[in-house]
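Colleague: Spelled out, the chains give:
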Amino acid sequence: MDPSIGAAASAAIESAINRALRYDPASRARLQKLAGKVLGVELTAPRGTWYCVFSDGEQVVTVHNHWEGAVTTRLTGSATALLRLLREDGATAPKLGISVMGSTALLAELQAALGDLDIDWEEALAESLGDVPAHTIGQALRSAGAWLGGIASRGPRHMAEAATEEWRVSPPRAQFEAFVDDLADTSLALDRLAARVELLRSKMAARRDG
Amino acid sequence: MTDPRKTHFGFEQVPVGEKASRVAGVFHSVAAKYDLMNDLMSGGIHRLWKRFTIEMSAARPGQRILDIAGGTGDLTAKFSRIVGAEGQVILADINDSMLRVGRDKLLDHGIAGNVHTVQADAQYLPFPDNHFDCITIAFGLRNVTDKDLALRSMYRVLKPGGRLLVLEFSKPESSLLGKVYDEYSFRILPHMGQLIAGDADSYRYLAESIRMHPDQETLKGMMEDAGFSGCEYHNMTGGIVALHKGIKP
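Protein chains in written order, with full-length UniProt numbering: chain W, 1 to 210; chain P, 1 to 249.
Just chain P, same shape as in the assembly (with noise of 0.2 Å):
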């Protein structure tokens, strides 16, 4: 049995005081080249699994919107479009390293007014109950300590009728795909990281931080738990990532 003061860091178990540094340490080593290394590692594709992702969120002008794990701003930057001067955006992340870089892009590609940036723990987020029309976290749920308080922190700040997309890496649909996976996770991915980013062993535990998540029915069970309901998800590219959906009713 898990020892109920540890939580696991990848494959390691750690003090579950310890992990959000630690996390924190991998994102300040990535941060710069966060954006570069997506594209690389994905070979593009995360942007396909974001636009599904905004559609999903069927977010309309004047919303409010919360992107949390927000990073270098990839949906924030779409939503800001889509809710206009008179809706808003908030760019949440923990890392500060995350966040400026996601600023600076963001101003540089002239989206400003309708957005902010806030320094966020999506375990006990900084905002008042029933306040957003729409919640998104998009890779960012599997390096949170506690996933069911940050479910349930979501669940209290989302507005009733509005709706949680988690997206994140799941479980392949097939095993032949899982296989393949595996040796690409663990095999090329770390060399990768060293190559581009100078730094191996980030990439190893976001490969090893992908095999400690829940898979699907596991985190729509998670969300459930934490009080939404209509609960469904999406695989994509064959169950590699999964979206998953949740209204606050």
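In isolation and in its complexed conformation, chain W is listed as follows (with noise of 0.2 Å):
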């Protein structure tokens, strides 16, 4: 690959970390704390090789192509998975198929300070907007916000109850646990009787034997 095209694609990686960290001071302040570590990160597909240096200063992160020196953790696995294991509770390194070389801490550290990641949007609207449009902006979006989680949390009781009681395309929860209760003590009620005409079964055999 064109060293420029690499130069390019760490330059890109680099500035949207920053950029991220300028509007989250709590987790900048935490990854500041990792200077002088050194994350590798090879990935197999698409393939391409990074190292993201951690230092105090303005620029926490600067990511590199080519990296001579010492490399704290190295990562190698698909984009995917190391976004995965970076970003979902829980999710560990063997499971998603990533290959774990040299200092777990630091791992453990950035996956940490990524889980809790909570960017201020509305700082970064303010710089380019101003405050005033920014704050409405921010307001809309949060109504929306609250408005399509309001949705998203009603939605479905609104529609069982559409289902049950308007269009009565399923029974209603009470009469379907009824349904259920007495679909149980049937079946007991027969596993009984099938373990009577056994036992009956096995008592006529034996007086006709004997």
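Wrong hints could be hidden among the right ones.
To spell it out: a stretch of chain P is covered by chain W in this simulated footprint if at least three of its residues, at any positions, have a beta carbon under 8 Å from a beta carbon of chain W; those stretches are [what the hints assert, rightly or not]:
(1) 40–49
(2) 227–236
Calculated Cβ distances over 10 Å to all of chain W for the following chain P residues [said to hold, decoys possible]:
(3) E55
(4) A58
(5) D96
(6) D108
(7) T117
(8) D129
(9) I210
(10) D215
Pulled a few chain W residues facing chain P out of the computed Cβ check, cut under 10 Å [stated by the list, open to error]:
(11) D2
(12) P3
(13) S4
(14) I5
(15) G6
(16) A8
(17) A11
(18) S55
(19) E58
(20) Q59
(21) H66
(22) W67
(23) E68
(24) G138
(25) Q139
(26) A140
I should point out that these hints are in silico values taken from the structure, not numbers from a laboratory.
Built from N, CA and C at the ideal position, the CB exists for glycine as well.
Quick one: dock chain against chain with the hints and give me the complex.
Modeller: See below:
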């Protein structure tokens, strides 16, 4: 690969990470504590190698294509698996097919920091639009988010009510539960009957033989 | 055969003693708009070339680095952050106009303390032997009158184990790219120079000097002749630019 392309990719990744961290001071401070540590990331699909070097300066993370120094932790795996490892709660490297070389403490710290990532988008907007428009847009987005969240949480309940009460395509919950109980009782009664029939059959067979 | 008392200044043959002053004239003329023109001419890609150079330098905190023909200080600024307060970066340029622009720019960006500016000729570097951990010369070697002498001078001031990085325009790998690049260099570039910096001739010289500069393999051989070992080069953007690396054994 032409080094200019690699340099462009690493510059874009570096810029995105540091820009995001600017709007989350807590995560930024947490990552600054990793100063001097180096995370090597070797992607198998798509292919590529990057090194993230942490520092306590203004630029918290610098991304390199080429690194000749020591590497604290080296991860090897696909891009999707690595993203899941860093973002998902409870994700572990072996489960995702990622190989880890070196210190796992850095990985654990990164997982924790990225799990708590909370970017202040309103501040980011304010930088380009000004405080008042950014706040207005932020409020509108928060209201829209709350409305959509409400719909998302109430939606299933409303759908269930419509299906049972209005459209009558499924039984009410109580009726369904009573049916399930009856079914369980019938199943037990059948089991008992089958055992009894088997007992009688064995008794009759013993009398016939005797 | 080339007259031994003459050298090239772009496509023109000039007396050896005159080249430095002619080059100085070019850079006095473009210094004020140098960064803007770099961005326009390369579409900003020169930042990526320099970024790769920094990575290949493997610079570390506490090191002493010499940025020859450092001009407006792009590499120096980055090295200054890497070497930290314990390290030192020397921004050297033969041209005082470029050096002044570079020094002002660095100060405006709050870069000071571990950076020193020195007006120096790459052929006769005014530093002790075995002094620097790393030397870079970005887009400067082709303007030097005697490149072999400059390479030997760099070798002298480099510490054993130190590395020299030469970032310079070179020869495109594909002939098609070469033709497009020629059209761009000789037709568009001087017009851009006229429009932005009010100076077409300097940018015509830039295009001509690139064509007169040794290609990748020749420069690698010159570095080996100067004493460097492990010499290698990386073509960038199809060979329009190449980064040569050599280690002082």
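Colleague: All the hints need checking, so say for each whether the structure fits it.
Modeller: The hints, checked one at a time:
With 4 residues bearing a CB less than 8 Å from a CB of chain W, the segment 40–49 of chain P meets the requirement of three and the coverage assertion stands. For the segment 227–236 of chain P, the stated coverage by chain W is satisfied: 3 residues place a CB nearer than 8 Å to a CB of that chain, which reaches the threshold of 3. A beta-carbon of chain W comes within 10 Å of the beta-carbon of P:E55; the shortest separation is about 4 Å. In this structure P:A58 is not separated from chain W by more than 10 Å, as the shortest Cβ-Cβ distance comes to only about 4 Å.
Listed as outside the interface, P:D96 is consistent with that label: its C-beta sits roughly 31 Å from the nearest C-beta of chain W, beyond the 10 Å cut-off. Non-interface status of P:D108 relative to chain W is upheld: no Cβ of that chain comes within 10 Å, the nearest being about 16 Å off. No beta-carbon of chain W comes within 10 Å of the beta-carbon of P:T117; the shortest separation is about 23 Å. Distance to chain W confirms P:D129 as a non-interface residue, since its nearest Cβ pair spans about 25 Å, more than 10 Å.
Every beta carbon of chain W lies more than 10 Å from that of P:I210, the smallest distance being close to 17 Å; the non-interface claim holds. Listed as a non-interface residue, P:D215 keeps its Cβ farther than 10 Å from every Cβ of chain W; the least gap is roughly 18 Å. With 10 Å as the threshold, the beta carbon of W:D2 comes within range of chain P, its nearest partner Cβ sitting at about 6 Å, so the hint holds. Hint status for W:P3 relative to chain P: holds, with the closest Cβ pair at about 5 Å, below 10 Å.
Residue-level restraint check for W:S4 holds (minimum Cβ-Cβ distance to chain P is 5 Å; threshold 10 Å). A hinted interface residue such as W:I5 counts as satisfied when its beta carbon comes closer than 10 Å to some beta carbon of chain P; here the least separation is about 8 Å, so the hint holds. With its C-beta approaching chain P no nearer than about 8 Å, W:G6 sits inside the 10 Å limit, and its interface hint holds. Interface hint at W:A8: satisfied, since its Cβ lies 5 Å from the closest Cβ of chain P, which is below the 10 Å cut-off.
The beta carbon of W:A11 comes within 6 Å of a beta carbon in chain P, closer than 10 Å, and the hint placing it at the interface holds. Because the beta carbon of W:S55 sits about 9 Å from the nearest beta carbon in chain P, less than 10 Å, this interface hint is met. Among the interface hints, the one on W:E58 holds; its C-beta lies about 9 Å from the nearest C-beta in chain P, closer than the 10 Å criterion. Because the smallest distance between the Cβ of W:Q59 and any Cβ of chain P comes to about 8 Å, under 10 Å, the interface hint for this residue holds.
Interface hint status for W:H66: upheld, as the beta-carbon distance to the closest one in chain P is roughly 4 Å, under 10 Å. Interface restraint check for W:W67: the shortest CB-CB distance to chain P comes to about 7 Å, inside 10 Å, so the restraint holds. For W:E68, the suggested interface contact is upheld, since its CB lies about 4 Å from the closest CB of chain P, less than 10 Å. This hint is violated: W:G138 has a C-beta 32 Å from the nearest C-beta of chain P, more than the 10 Å allowed.
The closest approach between the C-beta of W:Q139 and any C-beta of chain P is roughly 37 Å, which is over the 10 Å cut-off, so the hint fails. A cut of 10 Å between beta carbons decides the hint on W:A140: the least distance to chain P is about 35 Å, and the hint is violated.
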